[in-house]
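For the record, the sequence lines run as chains P and B. Per this note's numbering, the first sequence starts with residue 1, numbered consecutively. Per this note's numbering, the second sequence starts with residue 616, numbered consecutively.
FYI, nobody ran anything at the bench for these hints, they're computed from the structure. A quick note: this is a predicted structure, and the numbers were derived from the prediction, not measured. Keep in mind that a hint or two might mislead.
Listed next, the in silico DSS-like pairs over lysine-lysine satisfying Cα-Cα at most 30 Å (straight line) [to be verified]: (1) B:Lys788 with B:Lys699; (2) B:Lys770 with P:Lys583; (3) B:Lys788 with P:Lys45; (4) P:Lys312 with P:Lys131; (5) P:Lys561 with P:Lys510; (6) P:Lys266 with P:Lys292; (7) P:Lys5 with B:Lys634; (8) P:Lys266 with B:Lys686; (9) B:Lys770 with P:Lys44; (10) P:Lys496 with P:Lys563; (11) P:Lys131 with P:Lys375; (12) B:Lys706 with B:Lys770; (13) B:Lys699 with P:Lys266; (14) P:Lys179 with B:Lys686; (15) B:Lys686 with P:Lys5; (16) P:Lys583 with P:Lys375; (17) B:Lys634 with B:Lys699; (18) B:Lys686 with P:Lys45; (19) B:Lys699 with P:Lys570; (20) P:Lys510 with P:Lys520; (21) B:Lys686 with B:Lys721; (22) P:Lys5 with B:Lys721.
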Amino acid sequence: MTTRKILLGNEAIAIGLVESACTMATSYPGTPASEVLGTLVQIKKEEGLPLHLEWSINEKVAFEVALANSFAGRRSAAIMKQVGLNVAADPLMSAAYTGVKGGFVLVVADDPGPHSSQTEQDSRLLGMMAKVPVLDPSSPMEARDMLPQGFALSERFEIPVMFRPTTRVCHARQDMEMKPLSPAHSIAQFEKNPARWAATPKFRLVLHGQLNGKLAEIAEEPSLAPKLLNPGISTPPHGSRLCIVASGVVLAHAMEIMRDLGLWEKIPVYQVTMPFPLSPKFRDSILAQYDKVLVLEESYPVMELQFQNREKVQGRTTGTVPSAGELLPERVEDILRTFAQLPPAPRVEPPTFPGRRPTLCAGCPHRASFYAIRKAFPKGIYPSDIGCYTLGVNLGAVDTVLCMGASISQAAGFYHAYRSVPQEEAPAICATIGDSTFFHAGIPALINAVVQGARFVLTILDNSTTAMTGHQPTPGFGSTLDGTPVPQLSIPELVKACGVGFVEVEDPYKLDAFTDLLKKADLHTRSEGGGVAVVIARRPCIMDRNQRGSWVRQEMAVNEKCKACGLCVKQFECPALQSQGEKEPVRIDPALCTGCGVCRFVCPHGALEAVSSTP
Amino acid sequence: MQQIIVSGVGGQGVLFITKLLAETALEQGYSVLISETHGMAQRGGNVISHLKIADGGSVEGMSSPLVRPGKADVLLALHPDAVKAHGFYLKPDGTVISNVPDSEGKHSLNASRIAEDLGAPIAANLVLLGFAVGSGALFCGAEQLEGTLRRLGGKRLELSLKAFRAGAGEALKSRD
Ligand code: SF4
Ligand code: SF4
């Protein structure tokens, strides 16, 4: 009997990788890609598969580790989100030239919207720049089925293949048939070939020529040719001949809407599963057969640019398709109606309701750290970084968020910018970075700051996990995903080794002591012979099930001293503290309060008190 | 085909409710397509799930994981904000089942209070789900949904079942 299961897109991708006989997968967590490796870890445990899986320190490292496995003839995957590929762009560009041996698939998840990213960038365009083929699935089921094809293509042409789902594929769920999984066996066999694997510029030119040859052949690969989904439509006797060329989840939206509007029987729709390289034969035949071609894709005009035709082809370059924001089905409907010359849809306007802004969890140690930073440096500059703690922006303690690791380099940049200002007038600079982000990209930035003579306070928010993306382990964890013990890296030792003279660890739940420590750190930055001062705010993430029971739970109560000033609600913003109206005392929601007890230090009137504590 | 929106704030169990509905649908031979919120918004922001249920094997007419505005048959509003935030997904004759402090009309309920009274404030979502299925708003019956809850319920199953049944009971009351 076959069983059907409802799978998350990322779970379907994980299963697709196993079904492709992939022997290694490496990743750095990032929404919307995080669940792929997490699922692989689970499958490996349940099925006892001989896979090497790792949460690498960053995406560049993940790419390179998996690539070497492919050089040794074994199928491999590197998994990341789109901005992670920026970090791994260096090996990608080079690997396109060297090519691969065992099938190599780069899974990179884009986030049109953006829902959980700093940009809406289209990785397919980076694939185009690197000159590697790109596959673009439109549903979880298709994603799973497309992966074996991707590996086969990669192996046949010895080329890295990019596999690019988007948020609406990664975080969609769909029911599909399950098959028994079987382990992949493949023996490592690295064949030396310095002219290829270690090519000098002279040989790189040769490799580039070979790459171009591969791409030309791949573009016309029959198994990946664009498909007409609704054949049998006759040419209209008069008027223009229309067609639609689409890829990814926008195609899925368009199909449903076209059936709804009665357009499915009228306008031919072509699905492109490989948007780059777009087949020149396909392009020419489309341009010969039709007068108007609507291109639907996310999020940048990748197929559209390859059409190289401004008269017939409509999309982002002609303003027919909006150039920013997710192509939600309602937007796709508007575009389709205009293209097919139908009357506009009756508008259902979304409300102007601002929505609730995300906030740090009740009892989150970051909230205490940020509150202390504001208190210690009321006029400071606060460069910050990527993670849950980006939400410190709500508390007014985050001024800049650029990309992974930038908090430290930007703190250094701000220091140099204010260097000519007299010391008393120069603002305090206090950067914040999480432990996982520090390992990912913070270390080179810290070394640079130290050797360039910068002075600022760096607070490393060490909750001993990668919280935002679902609590993946960091190099401070001390064991691999298999449970094999490995050295547990110490952040204080690393910081010292980077040349920092002031390194201290404190628990941010001890708000007063922590605030004093920040002030002491600032004095170090201003003292003779001082430099960068690092304060490590160490307290496990409250939501991390792997590290529980490390604090004394305070039973909190609001006493009669509450003046209903609302300071704790507005400036501390713990979700468990709720205002009950203007003259009413605040309330502590027992369902949300974790008993961290930090609000005791926040209320200036002593109205929030611990009535008892349980370890 | 039934199109359902489940809306709430991060931490309320929107994903769990969606899962219960989807697994029940699958059990009954339907096909499902879902879109979920992950990432930043899960930290206390507005969270929404889109759930489409269609006859088994019929991908015809169902390919997009998202519900369009004005097309949802049912909106399960786990939080008082949810109607304001996501009410526009509902079709004109669609049903809103909402968790509000002061229940008005037969489709709203103070599920949070009922859950608190049961000693399980976290189970307000299940109270509301029980209420929704009890009022006949969903594609399935209460027994089928309860069966799924039993299968997936986890550690606090007894409390969860209590909450679910309390909600279903409220629906019967408001029907009479
Ligand atoms: S608890 Fe303290 S800070 Fe909060 S409203 Fe009452 S008096 Fe103000
Ligand atoms: S003790 Fe205070 S700060 Fe901590 S979770 Fe409870 S209300 Fe929030």
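Going down the list of hints, with the structure as the test:
1. B:Lys788 with B:Lys699: The given pair, whose Cα atoms are some 27 Å apart, holds under the 30 Å limit.
2. B:Lys770 with P:Lys583: Violated, at roughly 41 Å.
3. B:Lys788 with P:Lys45: violated (48 Å)
4. P:Lys312 with P:Lys131: holds (26 Å)
5. P:Lys561 with P:Lys510: This hinted pair holds, its Cα atoms lying about 23 Å apart.
6. P:Lys266 with P:Lys292: holds (14 Å)
7. P:Lys5 with B:Lys634: holds (12 Å)
8. P:Lys266 with B:Lys686: holds (23 Å)
9. B:Lys770 with P:Lys44: Holds. Lys770 (chain B) to Lys44 (chain P) sits at ~25 Å (cutoff 30 Å).
10. P:Lys496 with P:Lys563: violated (46 Å)
11. P:Lys131 with P:Lys375: Not OK: Lys131 (chain P) and Lys375 (chain P) at ~51 Å, beyond 30 Å, violated.
12. B:Lys706 with B:Lys770: Violated, at about 37 Å.
13. B:Lys699 with P:Lys266: violated (38 Å)
14. P:Lys179 with B:Lys686: Violated, at roughly 35 Å.
15. B:Lys686 with P:Lys5: Answer holds: Lys686 (chain B) to Lys5 (chain P) is near 26 Å, not above 30 Å.
16. P:Lys583 with P:Lys375: holds (27 Å)
17. B:Lys634 with B:Lys699: With Cα atoms ~24 Å apart, Lys634 (chain B) and Lys699 (chain B) stay inside 30 Å; holds.
18. B:Lys686 with P:Lys45: violated (42 Å)
19. B:Lys699 with P:Lys570: Roughly 23 Å separates the two Cα atoms, so the pair holds.
20. P:Lys510 with P:Lys520: The given pair, whose Cα atoms are some 16 Å apart, holds under the 30 Å limit.
21. B:Lys686 with B:Lys721: Given pair Lys686 (chain B), Lys721 (chain B) holds - Cα atoms ~22 Å apart, limit 30 Å.
22. P:Lys5 with B:Lys721: Status violated; Cα separation ~35 Å.
Going through the hint list in order, the structure does not satisfy hints 2, 3, 10, 11, 12, 13, 14, 18 and 22.
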